[in-house]
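Residue strings, one per chain:
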Amino acid sequence: MTQPLVTVEDAALTLGGQTVLENVSLTLAPGRITTLIGPNGAGKSTLARLVLGLARPDRGRVTRRPGLTLGYMPQHLRVDESLPLTVDRFLWLAAPGRTRARRDALQRTGVAHLRRRAVRQLSGGEMQRVLLARALLRKPDLLVLDEPAQGVDVAGQDALYGLLGQVRDETGCGILLISHDLHLVMARTDQVVCLHHHVCCSGTPEAVSRDPAYQRLFGTAGMTNLALYTHHHDHDHDLSGDVHGNEHDHGAHHHGGHSHD
Amino acid sequence: MIELLAPALLAGLAVALVAGPMGAFVVWRRMAFFGDTMANSALLGAALALALQINLYLAVIAACLVVAVALVGLQRQRQIADDTLLGIVAHITLALGIIALSLQDSVQVDLFAYLFGDLLAVSWRDVLILWAGAATILALLAWRWRSLLSITVNEDLARVEGVAVPATRLLLMLLLALLITGAIRTVGVLLITSLLVMPAAGARRLARTPEQMACFASLIGLVAVTLGLTLSWHADTPVGPSIVVAAAVLFGLTLLRKPSS
Chain A
1 MTQPLVTVED AALTLGGQTV LENVSLTLAP GRITTLIGPN GAGKSTLARL
51 VLGLARPDRG RVTRRPGLTL GYMPQHLRVD ESLPLTVDRF LWLAAPGRTR
101 ARRDALQRTG VAHLRRRAVR QLSGGEMQRV LLARALLRKP DLLVLDEPAQ
151 GVDVAGQDAL YGLLGQVRDE TGCGILLISH DLHLVMARTD QVVCLHHHVC
201 CSGTPEAVSR DPAYQRLFGT AGMTNLALYT HHHDHDHDLS GDVHGNEHDH
251 GAHHHGGHSH D
Chain B
1001 MIELLAPALL AGLAVALVAG PMGAFVVWRR MAFFGDTMAN SALLGAALAL
1051 ALQINLYLAV IAACLVVAVA LVGLQRQRQI ADDTLLGIVA HITLALGIIA
1101 LSLQDSVQVD LFAYLFGDLL AVSWRDVLIL WAGAATILAL LAWRWRSLLS
1151 ITVNEDLARV EGVAVPATRL LLMLLLALLI TGAIRTVGVL LITSLLVMPA
1201 AGARRLARTP EQMACFASLI GLVAVTLGLT LSWHADTPVG PSIVVAAAVL
1251 FGLTLLRKPS S
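Chains as they are written, first to last, in our numbering: chain A, 1 to 261; chain B, 1001 to 1261.
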């Protein structure tokens, strides 16, 4: 078997007296999309920070493959208004190569037209795509995305996950996705890890969705969503939401209400 | 006239040139109060240098760095808010510095010169040292520009992308300490913050990229020093405050322009 990119073994972390993670183990392999799901405050972002080396566990171990290149798309990024910064300059911080490479990365995520725009003027969805372009620019071995679908509409999410699958197929990189949302994600992933301070269950999306621990955490709404999203797509959306191919009314799908607090 | 003014002008220009990009970082990172506190500790360093008969510049750099590192450590605690902490430390170091200077009975110390600068008293040797210092700071800034900018935009992303964040932060403080040391003889410790903040704040309204902002800030500083010295020469006003007033007027003029984003 190929060497894993990152291995987390029995990690535990306490922040401000609260146990955020306990006995968490996780293996991220090249070419595999792993999705971390769990309710808000379940420790998903913290686990991602352990994987990225931004935090250290109190107990347990995190091992990264030597020479691993990481790409990271944080949940939020706010640039201080005192700092004038264009999208192009923002990408340059990650990789000081040719303008061409930055333009291509932006093209890839569907926001080439924003290259000369000030970062502070971007909408939430535009910022997400710029952040993804910055992560891709580094040609990462492991791409870590914290809630990438935030502020993106359903069609855009579909395109986003399609793009991630494409990137994985082309480069063979590993991907770690964080989501508290079960839409689309489940159907597009190789491995699901259900986290609530500890790993409740993990495995293929089908196996996890049948797991009692998963059903306790998300109720049956999650299952319904999964069922709806295993359908085949007969058309494509690009990232700006335009539909290509067959006419297909997306409103026909019912994205059943679900809540998880 | 020119023999008297030339060293003063050249010394002031050296400080203003470096204060441009350094001031930009102070504004971006919201370190104005932090810089102020470091400047006050410079006075304590100067007093120690006189008492222990050691090199003034070395003692001032050391005092600035010790206080800066201590502050970063103290900011980790959560009982006292950052600005309260800075307010306390800034005034403790200022009071201790003034007391220490007043205790020197062997030498006549012109406290006023340290607080508000005495540009007209600089020698050609000082000019040489100041320009050597300015060249060093600018070279280090250029060498580590991308890392410095990267941790300013977002420390998490910078770290994931392989920037040595603590070392880069320390470098920024070292450069600030160097600048304050140079400024202690020219504009004085009480006025250095204004020479850092005002040109940079004015430049913000004219710039579209971080590099532009740093250059415009230098330019505003250079003009402010020239105007301030001219004012001081003709109206017999104190040099340091005259430079600050000139910088304030220039800042005011930039407010007339519609901000570019």
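Don't read these hints as lab results, they were simulated from the structure.
Values in this document were obtained by computation on a predicted structure and should not be read as measured data.
Treat each hint with caution, since some may be false.
As the list claims (entries may be wrong) - Here are some chain A residues the structure puts well away from chain B; computed CB gaps all over 12 Å: (1) ARG32; (2) GLY71; (3) ASP88; (4) LEU163; (5) ARG168; (6) GLN191; (7) HIS197; (8) ALA207.
Claimed, not checked - Pairwise CB distance ranges, derived in the manner of DEER restraints: (9) A:PRO212 - B:GLY1087: 32 to 40 Å; (10) B:LEU1111 - A:HIS76: 45 to 53 Å; (11) A:LEU15 - B:LEU1103: 43 to 51 Å; (12) A:ASP169 - B:GLY1087: 52 to 60 Å; (13) A:ASP80 - B:ALA1006: 45 to 53 Å; (14) B:ALA1081 - A:ASP153: 46 to 54 Å; (15) A:ALA207 - B:ARG1208: 29 to 37 Å; (16) A:PRO96 - B:ASP1082: 51 to 59 Å.
Where a beta carbon is used, it is the ideal one built from N, C-alpha and C, also for glycine.
Status of the hints after comparison with the structure:
1. ARG32: Nearest chain B Cβ is 20 Å from ARG32 of chain A, so the label holds.
2. GLY71: 8 Å, violated
3. ASP88: 9 Å, violated
4. LEU163: 20 Å, holds
5. ARG168: The claim stands: ARG168 of chain A keeps its Cβ more than 12 Å from every Cβ of chain B (closest is about 19 Å).
6. GLN191: 22 Å, holds
7. HIS197: 22 Å, holds
8. ALA207: 31 Å, holds
9. A:PRO212 - B:GLY1087: 32 to 40 Å: Violated, at about 56 Å.
10. B:LEU1111 - A:HIS76: 45 to 53 Å: 48 Å, holds
11. A:LEU15 - B:LEU1103: 43 to 51 Å: For LEU15 of chain A and LEU1103 of chain B the Cβ distance comes to about 47 Å; the hint holds.
12. A:ASP169 - B:GLY1087: 52 to 60 Å: 57 Å, holds
13. A:ASP80 - B:ALA1006: 45 to 53 Å: Violated, at about 39 Å.
14. B:ALA1081 - A:ASP153: 46 to 54 Å: 40 Å, violated
15. A:ALA207 - B:ARG1208: 29 to 37 Å: 52 Å, violated
16. A:PRO96 - B:ASP1082: 51 to 59 Å: 33 Å, violated
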